[in-house]
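Using the sequences and the hints given, assemble the complete structure.
Number of protein chains: 2
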Amino acid sequence: MEKTKVGIVGMGTVGTGVARLLLDHGDRTARHAGRTLWLEHVIVRDVAKPRDVDLPAGLLSNDLDRLLADQQVTLVAQLVGGIEPARTIMLRLLESGKDVVTANKALLAEHGPELFDRARELGRSISFEASVAGGIPIVANISQCFGANQITSIRGILNGTSNFIITKMDQGLGDYTSALKDAQRLGFAEADPTMDVDGTDVAQKLAILSHLAFGVRQHWSEIPRRGIDSVSKLDVDYARQLGYRIKLIAYSEFTGDGLQMFVSPTLVRVGTPLAEVRDNFNAISVVGDAVGRVFYHGQGAGQMPTASAVVADMIDTAVGRARITFQTLKLWSKQESTIAMADPRKLRSGYYLRFQLIDKPGALGQVCTILGNHNISVSDVIQHKADLVDDQNIVPVVVMTHPTTEAQTAAAVEELNRLAIVHPATERLKVLD
Amino acid sequence: MEKTKVGIVGMGTVGTGVARLLLDHGDRTARHAGRTLWLEHVIVRDVAKPRDVDLPAGLLSNDLDRLLADQQVTLVAQLVGGIEPARTIMLRLLESGKDVVTANKALLAEHGPELFDRARELGRSISFEASVAGGIPIVANISQCFGANQITSIRGILNGTSNFIITKMDQGLGDYTSALKDAQRLGFAEADPTMDVDGTDVAQKLAILSHLAFGVRQHWSEIPRRGIDSVSKLDVDYARQLGYRIKLIAYSEFTGDGLQMFVSPTLVRVGTPLAEVRDNFNAISVVGDAVGRVFYHGQGAGQMPTASAVVADMIDTAVGRARITFQTLKLWSKQESTIAMADPRKLRSGYYLRFQLIDKPGALGQVCTILGNHNISVSDVIQHKADLVDDQNIVPVVVMTHPTTEAQTAAAVEELNRLAIVHPATERLKVLD
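Going down the list, the sequences are from chains U and H.
Every number in the working numbering is 217 more than the matching position in the first sequence, counting from 1.
Every number in the working numbering is 217 more than the matching position in the second sequence, counting from 1.
Hint data in this document are derived by calculation from the structure and do not stem from the laboratory.
One or more of the hints may lead you astray.
No copy is singled out in the list; a pair is fine if it fits within one copy or between any two copies.
[Unchecked claim] List time: in silico DSS-like cross-link candidates among lysine-lysine, alpha-carbon distance up to 25 Å:
#1 Lys450 with Lys398
#2 Lys551 with Lys220
#3 Lys547 with Lys220
#4 Lys563 with Lys222
#5 Lys266 with Lys602
#6 Lys563 with Lys647
#7 Lys602 with Lys577
#8 Lys547 with Lys266
#9 Lys602 with Lys450
#10 Lys547 with Lys398
#11 Lys547 with Lys450
#12 Lys602 with Lys222
#13 Lys647 with Lys450
This is the structure we're talking about:
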């Protein structure tokens, strides 16, 4: 059988998984690629470090140049994380005539245009299925399977760490801090979880998916975003009482005014597919105007799901499909038409508002009057008895609104926060149907 | 922009949808194919029939030879249903040098090997995403995205008509006959729904998916199958009391003994993804040993979801990806290794058993003793008060078993049916976790 010689740069968790699939399950890749993907080089920083995979002698090296110089290797899985030296390695791989497969979403979200332009100039391809929701083949699905559609909506749960934490909070197993500790203990959160819990990771993934689906070139840092790290157990519990769960939602919606995007903790109704996504799972709901709504649920990350996506891309590259897709789609190219971003203040949805009111007669009436003045119609109210906070009787009041706009709720909340009866810490979250 | 001239044969519901996408939304296919898919021929039986799409003058013809003779057209959507003349048309298209895209699962399930061999000999490709669960790109996902995996399980709800009917029965909106009439009135069931409700359609789809996933060459007619048409409202209601829904499940599972396959009404636990699939939707749960479980939910059929799948295949063919996939996978080829089928009697699952017992003291004890003698362990029992049936007091007794085998339950039920206290019409259904 024909051989395609391949390399791996970076032997962290994912690289180890990829090596295992290539070394132990060559029959599978042979069936799907019609040739063996023959692992020829594994480049790491520290060759002395113990590895969880038995590598045949001579594979392991810390000499990237050895791989770059090997003209027989035209396909490399570049699995070094972060921006540098990942970016430089990627460019050098492309420049030495290699097609690249990567799982590095941060690098693509930051330097996608540069890397893709360079790959095009050099006639190489970059594949990146593993960069978003590794266990769900969403990149292939959006790039290829829905080509006849105007995609109108993407809604996803794209960060397993955040979803694990919020699931534990919803199940009454602790507040944010203790749930995060559980996640770290179980290996679902990194020692420094900042990028996972503050929405950065999700914004980077959403930027990639939205570029694929809509052609939009929104830098991830320009997407309105908020992470799960600011969500209070109190709001998780109120949401549940109202029949909702709070999830960290990535949202891109094609409206008459352009594209609305955000990453934010959001209320989703219990029983709807996104609300039922538990623990460290990911899910994505895509709507196309021909295909309708298609919902995906699977492992978002983890060693073998991500390695599965990397190897699928390696097969795609080895057989020649990846190059066709790459050349046809012209991702992050200068030529591509862009779609306008909508004004985020015009984003329309239901809202969850929580006020801490000082317990005085007429307080709730004042709140409702101001909401009414801002044309905000209320669908549900919860008020419980007062708690003593800072020597004052504080009544938590939760209001669910009918669909209204970001601008209207922002203005109403700003006015409410100026009232003497409103104690600080008003919460405001969007609600999805 | 470069043009790829294409043709359509057959202008039923799906053909009309495909024509609309090609004629009205050429910009989309241009973006994803890097060229225009230019509709050059539409071949129908009756050119006088009114159409739901405005076709430019000169496109419509009843002369297949005109299309066959046009050497500039190398890509045709063959959307004639049934076996003949669809098979002959397909062969003639391939022989005249055209790549074919089709939605015709019955034709592939019946004549896949012949058609695929012929296409390979001729250097052409056949694409068939639209043949299974049109709105869910499951063919591309299994063929391409999970190439690094041993797929271990496929479970699906693959027939929208059946799922619509069973959903209505579960919601208390009628029995099988009235739910079927509703489905027909709403356009979710054909005038002759036999193939949809008796499991034929699902078995054909399962045969295709199982071939893709496992390489198995099981003819659809050899898959143990039972349709939704034999399900009684009584069992739907008992299942619900026990926390389950009855769904028409397509099942392929890779076990130590080989592949287990069936199509059957099956109990699935409320709250699990397959149980929550409503109305005419389809869903598929795929497990790969690297990727884990991936769940898909979407429109199974309908004009535009199916047309979306057809056009995605046309794009894939126009850019050259389809030919690579077709040549690499060697589907239904003589060379391909096959996987052994497991003995269906060894299939292991929980079972739902319903007996109609003649109301005599000790009747339930006799039933449980016989089950125990067959090593069948009971998890739940429901017995309600007796009804008068055929002048006898009949007690319906429902037993849920712990996992056991098809052979054990069959033997136990056979013995039980011989008892004088067991009234005919014992029901036996599998239960999925």
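Hint by hint, here is what the structure shows:
For a Cα distance limit of 25 Å, the shortest separation of Lys450 from Lys398 inside one copy, 15 Å, qualifies, whereas the shortest one across copies, 49 Å, does not. Within a single copy, Lys551 and Lys220 get their C-alpha atoms only as close as 36 Å, which misses the 25 Å cut-off; across copies the closest is 23 Å, which meets it. When the C-alpha separation of Lys547 and Lys220 is checked against a cutoff of 25 Å, the pair qualifies only between copies, where the shortest distance is 18 Å, while the shortest distance within a copy is 29 Å. In this assembly of identical chains, Lys563 and Lys222 lie within 25 Å of each other by CA distance neither inside one copy nor across copies; the values are 52 Å within and 43 Å between.
For the identical chains of this complex, Lys266 and Lys602 are neighbours neither inside a copy (59 Å) nor across copies (70 Å), given an alpha-carbon limit of 25 Å. When the C-alpha separation of Lys563 and Lys647 is checked against a cutoff of 25 Å, the pair qualifies only within one copy, where the shortest distance is 13 Å, while the shortest distance between copies is 51 Å. For the homomeric pair Lys602 and Lys577, the shortest alpha-carbon distance inside one copy (12 Å) is at most 25 Å, but the shortest distance between copies (58 Å) is not. Taking identical chains as interchangeable, the C-alpha atoms of Lys547 and Lys266 are never at most 25 Å apart, the minima being 40 Å within one chain and 42 Å between chains.
For a Cα distance limit of 25 Å, the shortest separation of Lys602 from Lys450 inside one copy, 18 Å, qualifies, whereas the shortest one across copies, 48 Å, does not. In this homomeric assembly, Lys547 and Lys398 never come within 25 Å of each other (Cα to Cα): the closest approach is 42 Å inside a single copy and 50 Å across copies. With identical chains, the CA atoms of Lys547 and Lys450 are never at most 25 Å apart, being 44 Å at best within one copy and 54 Å at best between copies. In this assembly of identical chains, Lys602 and Lys222 lie within 25 Å of each other by CA distance neither inside one copy nor across copies; the values are 69 Å within and 71 Å between.
With identical chains, the CA atoms of Lys647 and Lys450 are at most 25 Å apart within one copy only, with a shortest distance of 17 Å there and 41 Å across copies.
Hints 4, 5, 8, 10, 11 and 12 from the list above are not met by this structure, while the remaining hints are.
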